[in-house]
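Asks: Chains A and B are the protein sequences, given in the same order.
Going by this note's numbering, the letters in the first sequence line up with residues 2 to 213, in that order.
Going by this note's numbering, the letters in the second sequence line up with residues 8 to 430, in that order.
The hints are simulated quantities; they were obtained by calculation from the structure and are not laboratory data.
In this text, a Cβ means the ideal position worked out from N, Cα and C, and glycines have one as well.
Just so you know, not all the hints are guaranteed correct.
Claimed, not checked - In silico negatives: residues of chain B with every beta carbon more than 12 Å from chain A:
| # | residue |
| --- | --- |
| 1 | VAL102 |
| 2 | CYS104 |
| 3 | PHE107 |
| 4 | ALA273 |
| 5 | VAL323 |
| 6 | ARG405 |
Unchecked claim - So, partial list: chain A residues that the calculated Cβ filter (under 10 Å) puts toward chain B:
| # | residue |
| --- | --- |
| 7 | VAL82 |
| 8 | THR104 |
| 9 | SER125 |
| 10 | ARG127 |
| 11 | GLY130 |
| 12 | LEU133 |
| 13 | ALA137 |
| 14 | ARG162 |
| 15 | ARG166 |
| 16 | TYR168 |
| 17 | GLU172 |
Said to hold, decoys possible - Mimicking DSS-like on lysine-lysine, the simulated pairs with C-alpha atoms at most 30 Å apart in a straight line are:
| # | chain 1 | residue 1 | chain 2 | residue 2 |
| --- | --- | --- | --- | --- |
| 18 | B | LYS339 | A | LYS182 |
| 19 | A | LYS182 | B | LYS350 |
| 20 | A | LYS171 | B | LYS377 |
| 21 | A | LYS103 | B | LYS350 |
| 22 | B | LYS377 | B | LYS339 |
| 23 | A | LYS103 | B | LYS377 |
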Amino acid sequence: MTRVFLVDDHRLFLSGVRAELAGRVDIVGEAVDVESAVEGIRATSPEVVLLDVHLPGGGGRAVIESVRPTHPDVVFLALSVSDAAEDVIAVIRAGARGYVTKTIGADDLADAVERVREGDAVFSPRLAGFVLDAFAGDLPAGAALDPELDQITPREREVLRLLARGYTYKEIARRLEVSIKTVETHVSSVLRKLQLSSRHELTRWATDRRLI
Amino acid sequence: MSAARRPPIAGLPAGLARDRDDGLVAGVCAGIARWIGVDPLVVRVATVILSLANGVGVVAYVVAWLLLPAELSGDGAGAEAEGSRERAGELALGVGCITFGMLLLVRWSAPFFPDTLVWPAAIAGLGIGLALARAGDGERTRWRALTGRLPGNPAAALRAGWVPWLRVLAGAGLLVVGLGTFLASNGALASLGVIGVSVLATVLGGALLLGPWIARLAGQLGRERRERIRSEERADMAAHLHDSVLQTLALIQRHADSPQEARSLARRQERELRAWLYDDRRPAGEDGAPATLAGALDRLADEVEADHHAIEVDVVVVGDCPLDPGVEALVKAAREAVVNAAKHSGSPEVSVYAEVTGDRVEAFVRDRGKGFEPAAVDEDRHGISRSIVSRMARHGGRAAVHSAPGEGTEVSLTVTSAPEPAG
Numbered sequence: 002m003t004r005v006f007l008v009d010d011h012r013l014f015l016s017g018v019r020a021e022l023a024g025r026v027d028i029v030g031e032a033v034d035v036e037s038a039v040e041g042i043r044a045t046s047p048e049v050v051l052l053d054v055h056l057p058g059g060g061g062r063a064v065i066e067s068v069r070p071t072h073p074d075v076v077f078l079a080l081s082v083s084d085a086a087e088d089v090i091a092v093i094r095a096g097a098r099g100y101v102t103k104t105i106g107a108d109d110l111a112d113a114v115e116r117v118r119e120g121d122a123v124f125s126p127r128l129a130g131f132v133l134d135a136f137a138g139d140l141p142a143g144a145a146l147d148p149e150l151d152q153i154t155p156r157e158r159e160v161l162r163l164l165a166r167g168y169t170y171k172e173i174a175r176r177l178e179v180s181i182k183t184v185e186t187h188v189s190s191v192l193r194k195l196q197l198s199s200r201h202e203l204t205r206w207a208t209d210r211r212l213i
Numbered sequence: 008m009s010a011a012r013r014p015p016i017a018g019l020p021a022g023l024a025r026d027r028d029d030g031l032v033a034g035v036c037a038g039i040a041r042w043i044g045v046d047p048l049v050v051r052v053a054t055v056i057l058s059l060a061n062g063v064g065v066v067a068y069v070v071a072w073l074l075l076p077a078e079l080s081g082d083g084a085g086a087e088a089e090g091s092r093e094r095a096g097e098l099a100l101g102v103g104c105i106t107f108g109m110l111l112l113v114r115w116s117a118p119f120f121p122d123t124l125v126w127p128a129a130i131a132g133l134g135i136g137l138a139l140a141r142a143g144d145g146e147r148t149r150w151r152a153l154t155g156r157l158p159g160n161p162a163a164a165l166r167a168g169w170v171p172w173l174r175v176l177a178g179a180g181l182l183v184v185g186l187g188t189f190l191a192s193n194g195a196l197a198s199l200g201v202i203g204v205s206v207l208a209t210v211l212g213g214a215l216l217l218g219p220w221i222a223r224l225a226g227q228l229g230r231e232r233r234e235r236i237r238s239e240e241r242a243d244m245a246a247h248l249h250d251s252v253l254q255t256l257a258l259i260q261r262h263a264d265s266p267q268e269a270r271s272l273a274r275r276q277e278r279e280l281r282a283w284l285y286d287d288r289r290p291a292g293e294d295g296a297p298a299t300l301a302g303a304l305d306r307l308a309d310e311v312e313a314d315h316h317a318i319e320v321d322v323v324v325v326g327d328c329p330l331d332p333g334v335e336a337l338v339k340a341a342r343e344a345v346v347n348a349a350k351h352s353g354s355p356e357v358s359v360y361a362e363v364t365g366d367r368v369e370a371f372v373r374d375r376g377k378g379f380e381p382a383a384v385d386e387d388r389h390g391i392s393r394s395i396v397s398r399m400a401r402h403g404g405r406a407a408v409h410s411a412p413g414e415g416t417e418v419s420l421t422v423t424s425a426p427e428p429a430g
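Same shape as in the complex, but just chain A (with noise of 0.2 Å):
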């Protein structure tokens, strides 16, 4: 089994998800703050951490931050009630592998948890029309941005817009005639554009909120 670690600051969220996971996954922690998710996250060493990205103490991009460059390996998925498509795109920049909204089913959430540790991205619905807004239109004239990273490809594009959909990678999959196989790879490098790239930076919401 999984092991996971979960992270959120509501104890009576994590009861509800201790409950729904028990016997799918291996829950080796838990911990309701920055600091003790750190500490704790280092003393087990999970597979996976379920983390809320908002927390006391800096929200789940400080956890992801602090952990990373001692434990490259424990996988992150983001797990929040939050539409601020700033936070969530935070998060996922600083390395989660995907986001789920809280109201996902039990089954989902195992799934989800499954395909993150397996190295795949998880994207909602939602994530996937955040990514759209962030890579949508054209750049700006005179951006210094690197077309590899800041622009993703017509195929990823359809892929994203059938995730916001609500397709699953099977259904996706099917209607594209590709392998489930492809379509991760499409969403894996949809992922790490997003993590790497400076376009969301550009973005209505980014301006918006002047975070540049």
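Go by the hints and put chain B onto chain A.
Replies: Below, chain B alone, put in the same frame as chain A:
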């Protein structure tokens, strides 16, 4: 009303009180200005001019301070003043005339100060008033946006278009004329060289002495204003939480025996609170109805969830655009599709995805329910898909329904929106 307020003194006109919120010293001028219905600056300048005439203004100010009850602005009287704002120009003129008259009277009865001081000072005061005044009707709103409640800030005036420019120039002109008259009448213009240097030295000295104090005062005013804004925001938030979240929690407790209903209430509240917290980019129209595609789709999800408790509507929107007839038709068609899915698909979830690219708007409504065979006779579903298709066709859009038994249903809608008006 607070008990700490002094009872109105008999014989004092109703509504006449000090306005501590807007005031600079004790709010006397602001209070009088509000009572008359003019800009506080008019009364302030009048007071200063009268102060030059043997200090009448200062005495009058102190007397008024003692007599007038203190009152915070914004209760009732504010609306009154708002109504008389159209006449603010005439009223300001009236205040000017009264000041002028009193000036003449003082000059007559107690000629302590020579004409050569009073008149130039009056002209210069008028100039300062003109340059700093923020009155003027359309301009006023612009000013508000620029400076908040800070009284006259010439630097901001320079950004507000040519009218304030003109006024600042005219005011500066009057100021120069006033000073010039003063110097000329003293026969000092001839020896301007010497006097100029001494005046300059005096001004510089004054600035050095008073500068830090003024800066501190301005900082304190800014802090107070920020504090006030913060407490207003806090009150807003408390009101919002009370109206929405607490009410919903009460409703959920009452519907504890009906999980579907409780769940739908919770989801609805969640969406609303989330929109309130994170989404300031979905402006509402005049009557509170959404003004953009994203807002309209959120509202759609709310309404369908309220009517069909067994369904969850998940909305994802990329980009946004204002509602025009074509986009509205798309939202209505999407609504029919969602309702259709709620009624017939048997799926607990419907995804709505909309994307705005350039002038094209696309929407997809998808469920993972039992689906149907498009060719098979199912009058109900067929009728609905036909009505969706024809609705879209009427607005130059397209609609297509994809479904197969066991595969769920997807309705795709496309419309080419009218180009957005510039600006």
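Asks: Can we confirm that no CB of chain A comes within 12 Å of the CB of B:PHE107?
Replies: At about 50 Å from chain A, B:PHE107 clears the 12 Å cut-off, so the statement holds.
Asks: Is it correct that the beta-carbon of B:VAL102 has no partner in chain A closer than or equal to 12 Å?
Replies: holds, 43 Å
Asks: Hint A:ARG127 vs chain B: min CB-CB distance below 10 Å?
Replies: holds, 6 Å
Asks: For the restraint on A:ARG166, tell me whether the closest CB of chain B is nearer than 10 Å.
Replies: holds, 4 Å
Asks: Once the closest CB in chain A is found, is it more than 12 Å from B:CYS104?
Replies: B:CYS104 is indeed farther than 12 Å from all Cβ atoms of chain A, at 49 Å.
Asks: For the hint on A:GLU172, just tell me whether its beta-carbon gets within less than 10 Å of chain B.
Replies: Holds, about 9 Å.
Asks: Need the status of pair A:LYS182, B:LYS350: alpha-carbon distance at most 30 Å?
Replies: At roughly 36 Å apart (the allowed maximum being 30 Å), B:LYS350 and A:LYS182 break the hint.
Asks: Have a go at the A:SER125 hint: is there a Cβ in chain B nearer than 10 Å to its own Cβ?
Replies: holds, 9 Å
Asks: CA of A:LYS103 to CA of B:LYS350, is that 30 Å or under?
Replies: This hinted pair holds, its Cα atoms lying about 26 Å apart.
Asks: Are the Cα positions of A:LYS103 and B:LYS377 separated by 30 Å at most?
Replies: This hinted pair holds, its Cα atoms lying about 26 Å apart.
Asks: Does the nearest C-beta of chain B fall within a distance shorter than 10 Å of the C-beta of A:VAL82?
Replies: With a minimum Cβ separation of about 8 Å from chain B (threshold 10 Å), the hint on A:VAL82 holds.
Asks: For the hint on A:GLY130, just tell me whether its beta-carbon gets within less than 10 Å of chain B.
Replies: holds, 4 Å
Of the numbered hints given earlier, the model fails hints 4, 5, 18 and 19; all others are met.
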